[in-house]
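Chemist: Starting from the known structure of chain A, fit chain B onto it as the hints suggest.
From first to last, the protein sequence lines are chains A and B. Numbers 1 to 213, taken from our numbering, label the letters of the first sequence in order. Numbers 1 to 230, taken from our numbering, label the letters of the second sequence in order.
No wet-lab data here; the hints were simulated from the structure. Hints are not guaranteed to be accurate.
[To be verified] So the derived list for chain A, only partly shown, Cβ under 7 Å to chain B, looks like this:
no.	residue
1	136
2	161
3	164
Backbone N, C-alpha and C fix where the C-beta goes; we use that ideal spot for every residue, glycine too.
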Amino acid sequence: MKSSILYAGAALACALGLSACGGGDGDLPLTVSILGGVTKEGLVLVNKSNGDEVAVSAGVATVQFPKYLSTDDEFNIDTKTLPSNVEKCTFSNNKARANYYTVYTSAPTVFCTIKTHPLTVTVKGLTDAGLVLVNGSDRQTVTPNGGADVPVKMVDIPEDGPYGVTILSQPGTPATATTPAQQTQTCTISGGSGNMTATGPGTTPVVTCGPKT
Amino acid sequence: MKFHLVRPALVLASSLVLASCGGGGSETYPVKVTVSNVQYPGLILTTNGQELAVPVPAKAGDNVVLTFPNGLDYGTYYNVIPKGGTAAGGGAQPAHQNCVTNGYPREYGTAGQTASVESARTPAIEVYYGCTVNEYALGGTITGLTSADASITLINGSNSQVTVAGNATSTDPIKFSLAPVAYGTSFGVTILTQPTGFTCTIANNTGVMDDALEKLQGKTDIAVACRKNS
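Bound-form chain A, shown alone (with noise of 0.2 Å):
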């Protein structure tokens, strides 16, 4: 009883000890929700106030900085390092006094946006219209020139992400009501499929086109 009485005003000295000088052991958990955007390891956030640093592994829906802030003690959080894969972070309510209103109702957000590369798919041997490629929802009609390759640019595709290329519709006259699709050429793909890497597409994606086959 009595040494239980001691600690409490052990605690609560040192507590008043600690927010006297601004040291911040309080009682009020500073906590950011993570909105997307980790995907791998790599992201450090950083309490710039205190010096405090929590890692964010990939897939957690919030984390929590170690040390515990006293009311009105100021926080302001930042990245420190970023995941290799990502171009940016965005915060909300990341800068503040700390009350139970900064650190429970609305507490601090990020967002990280993923680096994306572009994804180009040479089209060799076209010499009619009608060449349509998809990647999944992204959708490009292929202009020929002449029989000489064309570069076509798919929609950029995010670092680590995958991607897969395919031939919705081939060279020729589109169908209409009255007349049946005119297939003119027969063109394959090769290497459309693969994943995104930090310095390119992982395969070449190539179209050959040639007579009907």
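Modeler: Relative to the frame of chain A, chain B by itself:
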């Protein structure tokens, strides 16, 4: 002191007179609806025996803001829903879309119940609906992948990805499904990683989620055929 009482009494009396003789009785509550993301025609909203056809906005992405032809008297119950449907969708919807209430402000209530940002003089009942384009299934079957240790990764471009393990005890085709695809959107499913010890080919794997596929509720006959490497 006496005069203080006279004035409110007069105001009260005059307002009672006005209300009883219907003076200013044109003071009805218009029912205003705001619908977001309408991409196809067909949406009809109803309330209090009135119908309101919601067209596609002139500029894609704009909200459609309309008011029902007749306003409602104070205290009249209203419930703005798609014709034949509910606030959660169904009924007379735009083609290839489903529109639901945004939840707040409520699509039902009594006229004059809530204040409005419109104006203090002519308070409008405001109802909000939001539309999404319908999505349909994307998938198929894998045959010949007869080892539980082997798995294949299939992707729909950069949109979605699935990894499926083989089955050593049954030769039934193994079903797979990728994330649903919105109406009017293209898809192209390819093999990202071949299973160890097998070579697989894919057929019937590219298209657009069009009317024909909408009728079938999606594209579910993509065929992946695997053979054990010799």
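Chemist: Which earlier hints turn out false for this structure, listed by number in ascending order?
Modeler: Violated: none.
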